[in-house]
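Q: Guided by the hints, dock chain Y onto chain R, whose structure is given.
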Amino acid sequence: MTKTITDVICPFCGTLCDDVEVVVSDDGKKLLEVANACVIGTEKFLHSQEPDRVTRPRLRQEDGSWKTVSYEEAADYTAKMLAKAKKPLMYGWSSTNCEAQSIGNEIAEIAKSCCDNTAAVCHGTTLIAVQDIGLPSCTLGEIKNRADRVIFWGCNPAHAHPRHMSRYSIFPRGFFTGKGQMSRKMVVVDPRCTDTAKMADVHLQIQQGHDYELLDALRVALKGEWLPDSVAGIPAEKIREVADIMKSGRFGIIFFGMGVTQSLSKNHNIDAAIALTKDLNEHTKFSIMPMRGHYNVTGSGEVFAWQFGFPYSVDLTRGFARYNPGDSSSVDLLTRGEVDAMFTIGSDPGAHFPISAVKGIAKVDSVCIDPHMTPTSGVSKLHVPVAFNGVECGGNCYRMDNVPIDCRKVVEPPEGMLTDQEFLTMVLDRLKKLKGVA
Amino acid sequence: MAEYIIRNGHVFDPVQGIKGDKKDICIKDGKIVDKVGSSAKVIDAKDKTVMAGAVEIHAHIAGPKVNLGRIYRPEDKLFSCTPTKGMERMGSGASIPTTFKTGYEYAKMGYTTAMEAAMPPLFSRHVHEEIRDTPIIDEGAFPVFGNNWFVLEYLKNHEIENTAAYMAWLLNVTKGYAVKVVNPGGTEAWGWGLNCLTVNDPVPYFDITPAEIVKGLMEANEYLGLPHSVHIHPNNLGNPGCYETTLDTLKLTEGIKAKNKFGREQVLHLTHTQFHSYGGTTWADFESKAKEVTDYVNKNKSITIDTGNVTLDETTTMTADGPFEHHLTGLNHLKWANVDVELETAAGVVPYIYSPNISVCAIQWAIGLEIPLMMKDPMRCYITTDHPNAGPFTRYPRVIKWLMSKKARDVQVDSFKHKDKVLSQTSIGSLDRELSLYELAQMTRAGPAKSLGLGSMVGGLKPGMDADIAVYNFNPEKPVANPDDIEKAFSRTAATFKSGVQVVSNGEIVSNGNKRTLWVSIKAKENAQVARDIAEKFVKYYSMTQANYEALGHHFVPNPFAIEVDATN
Chain R
2 MTKTITDVIC
12 PFCGTLCDDV
22 EVVVSDDGKK
32 LLEVANACVI
42 GTEKFLHSQE
52 PDRVTRPRLR
62 QEDGSWKTVS
72 YEEAADYTAK
82 MLAKAKKPLM
92 YGWSSTNCEA
102 QSIGNEIAEI
112 AKSCCDNTAA
122 VCHGTTLIAV
132 QDIGLPSCTL
142 GEIKNRADRV
152 IFWGCNPAHA
162 HPRHMSRYSI
172 FPRGFFTGKG
182 QMSRKMVVVD
192 PRCTDTAKMA
202 DVHLQIQQGH
212 DYELLDALRV
222 ALKGEWLPDS
232 VAGIPAEKIR
242 EVADIMKSGR
252 FGIIFFGMGV
262 TQSLSKNHNI
272 DAAIALTKDL
282 NEHTKFSIMP
292 MRGHYNVTGS
302 GEVFAWQFGF
312 PYSVDLTRGF
322 ARYNPGDSSS
332 VDLLTRGEVD
342 AMFTIGSDPG
352 AHFPISAVKG
362 IAKVDSVCID
372 PHMTPTSGVS
382 KLHVPVAFNG
392 VECGGNCYRM
402 DNVPIDCRKV
412 VEPPEGMLTD
422 QEFLTMVLDR
432 LKKLKGVA
Chain Y
877 MAEYIIRNGH
887 VFDPVQGIKG
897 DKKDICIKDG
907 KIVDKVGSSA
917 KVIDAKDKTV
927 MAGAVEIHAH
937 IAGPKVNLGR
947 IYRPEDKLFS
957 CTPTKGMERM
967 GSGASIPTTF
977 KTGYEYAKMG
987 YTTAMEAAMP
997 PLFSRHVHEE
1007 IRDTPIIDEG
1017 AFPVFGNNWF
1027 VLEYLKNHEI
1037 ENTAAYMAWL
1047 LNVTKGYAVK
1057 VVNPGGTEAW
1067 GWGLNCLTVN
1077 DPVPYFDITP
1087 AEIVKGLMEA
1097 NEYLGLPHSV
1107 HIHPNNLGNP
1117 GCYETTLDTL
1127 KLTEGIKAKN
1137 KFGREQVLHL
1147 THTQFHSYGG
1157 TTWADFESKA
1167 KEVTDYVNKN
1177 KSITIDTGNV
1187 TLDETTTMTA
1197 DGPFEHHLTG
1207 LNHLKWANVD
1217 VELETAAGVV
1227 PYIYSPNISV
1237 CAIQWAIGLE
1247 IPLMMKDPMR
1257 CYITTDHPNA
1267 GPFTRYPRVI
1277 KWLMSKKARD
1287 VQVDSFKHKD
1297 KVLSQTSIGS
1307 LDRELSLYEL
1317 AQMTRAGPAK
1327 SLGLGSMVGG
1337 LKPGMDADIA
1347 VYNFNPEKPV
1357 ANPDDIEKAF
1367 SRTAATFKSG
1377 VQVVSNGEIV
1387 SNGNKRTLWV
1397 SIKAKENAQV
1407 ARDIAEKFVK
1417 YYSMTQANYE
1427 ALGHHFVPNP
1437 FAIEVDATN
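Heads up: the protein sequence lines correspond to chains R and Y, in order. Just so you know, we're using this note's numbering here: the first sequence kicks off at 2 and counts up by one. Just so you know, we're using this note's numbering here: the second sequence kicks off at 877 and counts up by one.
Bound conformation, chain R alone:
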């Protein structure tokens, strides 16, 4: 007999779907089927069942080969590395739960390390813009129930957040949006003709890197002032048409992604987008929301904020919290060669950082805590595989709209494997002894 577990949370993207169903074997050791999740989510669950999974920590040897070690040895190595380092960097946190992040922060405080999450190369620019100008936003259910104007700017949910449109933004029939898709106007701003753009009522195929201009032009159009014939490759009439669409709605939302946060102008783009949202609130109700990537990058920012006061790129090396992105952010620390130990958890900087920064990881003592073999584990001295959070252990996570959802454990991890939390607790205990902390 098999068992079906309902209301399972998918630990893949910031959409954090919580209606997934998983079929497991009677003894709870095998995960057999996944229903309701998107292809990526399904793969994330099934991937945990791969027979060739690494199940014990591995330490890189002089000759470049891996030697299997125990979790105790791995925790010793990690604690000693952090105790010895003058400026360790503890990076990642976006694919683990808030409890593990909390223990990690305690470790960071004792080790006086730099702490950062994946926002540093993703929506960190959004956070800077929010610190400049604020953020009128809402939860995803508000969009489901009220929104009749939906703008996707520099993001492609059809591929990156596959169930976003069906659960929250375009198709659902909410309380005041009984006709579902028919009650919404959809605008997509993207230089590419993406699968999301193909669904749009209006696709503004903007000239690449000119988002700031177009956002400003929309603000001008809202005020009914003069516009040049075309801005960012979009004719003035089209801009006025879109401004009218936005203004005439009862409740609108702008979703934006990496297309604006990490292209030319970065945080200034988001400044302009938030200013546009603020302006629209003089006419109707409008919100704006970043399409956060990892399923718990938002949670990492939240935990950093309530424990240290800042959402990412926190530098604890002076014994108190400092925040100065560009100085205290991971890529910059690594490329400047300031880091003398690298601790990575729940993310893959090896695949996403510039090569100059990845070289910085390879040069120093390093630990990578990740269930998968990744480019980061490849350049690290120690790889500690752990149970899949959200599959093999539970824990709290935050959706892209900051709504916390407690992940579920659906299947047992391979025999003897530890969770992030358990391994970090071992490291914390050892580090406390090494540093003589009560």
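Hints listed in this document are in silico derivations from the structure and should not be mistaken for laboratory results. This structure is a prediction, so every number in the text was calculated from the model and none was measured. Don't take each hint at face value.
Okay, the calculated beta carbon distance ranges per label pair [said to hold, decoys possible]:
#, chain 1, residue 1, chain 2, residue 2, range
1, R, M183, Y, T1444, 41 to 49 Å
2, R, E283, Y, F955, 34 to 42 Å
3, Y, S1332, R, S71, 52 to 60 Å
4, Y, Q1422, R, S167, 18 to 26 Å
5, Y, K1135, R, K224, 55 to 63 Å
6, R, E283, Y, S1300, 31 to 39 Å
7, Y, V1415, R, V203, 28 to 36 Å
8, R, I6, Y, K1338, 45 to 53 Å
9, R, M183, Y, H1034, 34 to 42 Å
10, Y, N1435, R, P415, 29 to 37 Å
11, Y, Q1422, R, M2, 21 to 29 Å
12, Y, T1444, R, M2, 33 to 41 Å
13, R, D8, Y, N1435, 23 to 31 Å
14, Y, L1070, R, M374, 50 to 58 Å
We treat Cβ as the ideally placed atom computed from N, Cα and C, and that holds for glycine.
A: Same frame as chain R, now just chain Y:
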């Protein structure tokens, strides 16, 4: 557990009517007892003031909007970071301190219990994670009900039993403490960019008025017999002339009787009264109506209030009154954050600088002090700053100084740029009353504890009560030479005890205590209709499933203290 005896202090305890007599207070097994053995540790409190641990009835210290404030205000951390020190975790933030700093600051001032004033139910898990990470102090959180779709739909037809059943369910699943109402109806209207500014403005679509919501919630609250009453932030906050809306709201209590087994007498708690006591028609003729509001409250025993004192600092305003924050950003043009929460509520955050050079801010300061000075019964008026809205809670010692010393008030009034306007628009200049330490203990300990239904547990020093105790370096027998000495004395305790554990010694943290989460566990009658309505709303309108909604599990509430309510009869 260690036994203690606090010797020879001047004890102020409204629960037993002790007004500064020299007494010993004994602690055993976390409780106050009549006597302890000879091995008990002695704390010398000669020439010191001894009171119960203070009780915070209304502060925004944990949850999504507080953390949004932390995230979007790095400038609030400038010069306010504290390093790791002994068992103290590092901290940061002035108006919105980190969770660790929040717990330590409260304990160092002698506070041992605090209530988070607005918990969006959908975010209860977040609120509890922050409460867990706030050391020492016992905390509870008030879920917001005033714009909740279930409540609006039930009360439209005056279905009190259904409202009560839903209330019980929501308090249970969110591990909430009391029924909070913020801008009833107005925040739902804000979903469309609108507002309700009087108690009779209909809520769009739902076709119910704020008056009907508030009255219905009070009836449901008494139907269940909850420890605390409905805790209200009325409509029309912060606008000139808003006192009329406040009085209209207070009049809704007429005819409603308190019914509970916790010793609570009021049916409505009006919070941050200062923000609701404004007269005038514009900012130019803005004036105090503290007298009109306190006159009404003085006459009606079924109401308690807290003050919401403006402390003349740079701070961060945050409230579930979404439309108000939008209005405020229009006034001061500082950054505006907003979160609308599906089916339930909304919240806004805007930084604010209460400048002594601006007449309106100075008048607000005066109104905040007029209210407690005009209240005849200190057991029904509590000191708050609506942290961080009117000022950070770390300014309580300064507020105490102003309340205990006419001289300190005069010094402040004299320093205002628009002194004449403050004196003409308020009566602060003619109020000679100076609060006694006994009255202070009523306003910060016994009073709020009683209002919260915790009167038999905290807020007093009677044997049997929790050993939450604050010892201050303040000699009540010596005349106060300089009012600043009052502020200094109440800023850092000589000793703070929380549930019998010494957590502060000479202003330093010596233990992280045994922090508890207070919540109200209600046994209610089964109500099939409400159960079905809840299930339906989750399937159709919420963005998460009902099975994932509850704040369940050790990592959210590791040390719960449930107050049981049996509402089955």
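Q: Determine for every hint whether it applies to the structure shown.
A: Each hint tested on the structure:
One distance hint, 41 to 49 Å for the beta-carbon pair M183/R and T1444/Y, holds here, with the actual separation near 47 Å. Roughly 36 Å separates the CB atoms of E283/R and F955/Y, a value that falls within the hinted 34 to 42 Å. For the pair S1332/Y and S71/R, the supplied restraint of 52 to 60 Å holds, since their beta-carbon distance comes to about 54 Å. For Q1422/Y and S167/R, the Cβ-Cβ distance of about 20 Å falls inside the hinted range of 18 to 26 Å, so the restraint holds.
In this structure the supplied range 55 to 63 Å holds for K1135/Y paired with K224/R, their Cβ-Cβ distance being about 57 Å. E283/R and S1300/Y have their C-beta atoms about 36 Å apart, which keeps the hinted 31 to 39 Å range intact. Taking the beta carbon of each, V1415/Y and V203/R are about 32 Å apart, inside 28 to 36 Å as hinted. Taking the beta carbon of each, I6/R and K1338/Y are about 51 Å apart, inside 45 to 53 Å as hinted.
Evaluation of the 34 to 42 Å hint for M183/R and H1034/Y yields a pass: the beta carbon distance comes to about 36 Å. Remark: the range hint 29 to 37 Å for N1435/Y to P415/R is upheld by a beta-carbon distance near 33 Å. The supplied range of 21 to 29 Å is met by Q1422/Y and M2/R, whose beta-carbon atoms lie about 26 Å from each other. Between T1444/Y and M2/R the CB atoms are about 39 Å apart, so this pair conforms to the stated range of 33 to 41 Å.
For the hinted restraint 23 to 31 Å between D8/R and N1435/Y, the CB-CB distance of approximately 27 Å keeps it satisfied. In this structure, L1070/Y and M374/R meet the distance hint of 50 to 58 Å, their C-beta atoms being roughly 55 Å apart.
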